[in-house]
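Line by line, the protein sequences give chains A and B. In case it helps, my numbering puts the first sequence at residues 122 to 311. In case it helps, my numbering puts the second sequence at residues 309 to 570.
Derived from the structure by calculation, the hints contain no laboratory data. Fair warning: there could be bad hints in the mix.
Claimed, not checked - Pair ranges (Cβ atoms, derived):
#, chain 1, residue 1, chain 2, residue 2, range
1, B, Arg-360, A, Arg-208, 29 to 37 Å
2, B, Lys-332, A, Glu-285, 18 to 26 Å
3, B, Lys-385, A, Thr-241, 25 to 33 Å
4, B, Arg-310, A, Glu-260, 25 to 33 Å
5, A, Arg-129, B, Glu-350, 18 to 26 Å
6, B, Arg-310, A, Val-286, 51 to 59 Å
Said to hold, decoys possible - Far from chain A by the CB rule (all over 12 Å, computed), these chain B residues:
#, residue
7, Ala-330
8, Phe-335
9, Gly-340
10, Phe-356
11, Cys-383
12, Leu-396
13, Cys-402
14, Cys-403
Here a beta-carbon is modelled for each residue, glycine too, at the ideal position from N, C-alpha and C.
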Amino acid sequence: MKYGDDARLARRAAKGDSSAFEEIVDTYQHMIYNLCLTKLGNREDALDVSQDTFLRAYRAIGGFLGESKLSSWLYRICLNCLADHQRKKKTNLSVEKDNNGYGGFDLPDTSDESDPQNQTEKNERIRAVRQAIAALPDESREIIVLREYENYSYAEIAEMLGIEVGTVKSRLNRAREKIKNLLEQGNFIT
Amino acid sequence: MRNCIDYESLIPEYLDGELDEAQKAEFEEHIGKCPSCQKSLEETRSLFSDIRNTAEKAPKELTKNVISHVRTENCIKMLRRKSIVRALGGIAVCCVIAVGIIAAMPIITEDQKINDSAPLGDAFAASSNSSKNEYFSDDNGDITEETVPEIYESVTEEPANMENEQYDGSVPEGDGEATVGAVDTFGDKNGYSSGSGGDSSNDKNESAQISDNDVDTSATDIDQAESTKGLSEEVYIDLGACFMKEGAAGLSELFGEMEKSN
């Protein structure tokens, strides 16, 4: 989405045009949801925090001036929501840790696979990669989500995170290396 | 001149589409003739694909829930805005009414002055010979001590001789008790209590005597008073209707006609 589109949509949403905001949610829902999911490792929590992110964004959209990209703005709101969620979780002693920080989220429904053997292998592979991603530090995981899931360019990620393009490149390489190493340790890469 | 390690380090950027055209061409040229780098490229491509495969689509209820909340918030905002507008509208209506009342005050005061002035008294007198007395006696409670002599003087100019006697003691309601009260508004409240108690023997004040005299006056006076009262009401209705229709100009026209007919 272009800067101009971002600003136009945001202005319309700020005036109470819910269809404009729906367009924003449609565009960025996967990015926000995956950021939350990789961080929290739980779909229910990821959905709650994603909803919270968009609702906070809607209430504050009048303050979006279009100077940055809407994705960057939403990303920052999402980080705040995640931090709030983590804070609440820490105070709630009944909440268990998710597999020592590896993220114990379930596999997605991939029932379109015709061969059950292939399906099982694929599911195992996905589970392993997810665990590897969940094991990354926050800054690496965010970069993986923005680059691999959302296909943002280095420059866009740099703007979103407020860092240099070179830093994006090095963090991304480190993150990928770590995932590769974790998977190799688990004998997933042949 | 780059070696294989240099080209392998470019693999992620190549896959991410971050190499410029010259770098890309150089990289592809090397990959085409280096099996080791080709293998590295395929491994990395597979890893990236695996990572991408872990991405999940956001559940459908995410958009649905968010938009549902947003619409609810919009409704609440709208209702708040409407209630504010309604409140402001109410205040505006009150202000308009208040301004209207304030604006109408001088007209009403002028109207009252006109009613209280001698020419109006004359005009009423023109509508009926006896209505003049009724007019003054009806307004006894409101006329101040200063205005009474003026009106009285204007009335005395009229040809009817009986008016002077009726001025102080006329009985509009045909009730002695009420007359005492009416007269006493100029003087003593005791007059009222004695009148209401019916025991006026000890009270020797003048007003009581006058009222007694007036009660004794013939029933024709009372009838006359009642008939003039009816006429004055008609005049008031005419005045009101005229004022509503024509404003102050219409009123002065009506007074003019009354004087002519007189």
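Original post:
What are the numbers of the hints the structure violates, in ascending order?
Top reply: The structure breaks hints 3, 5, 6, 10 and 11; every other hint is satisfied.
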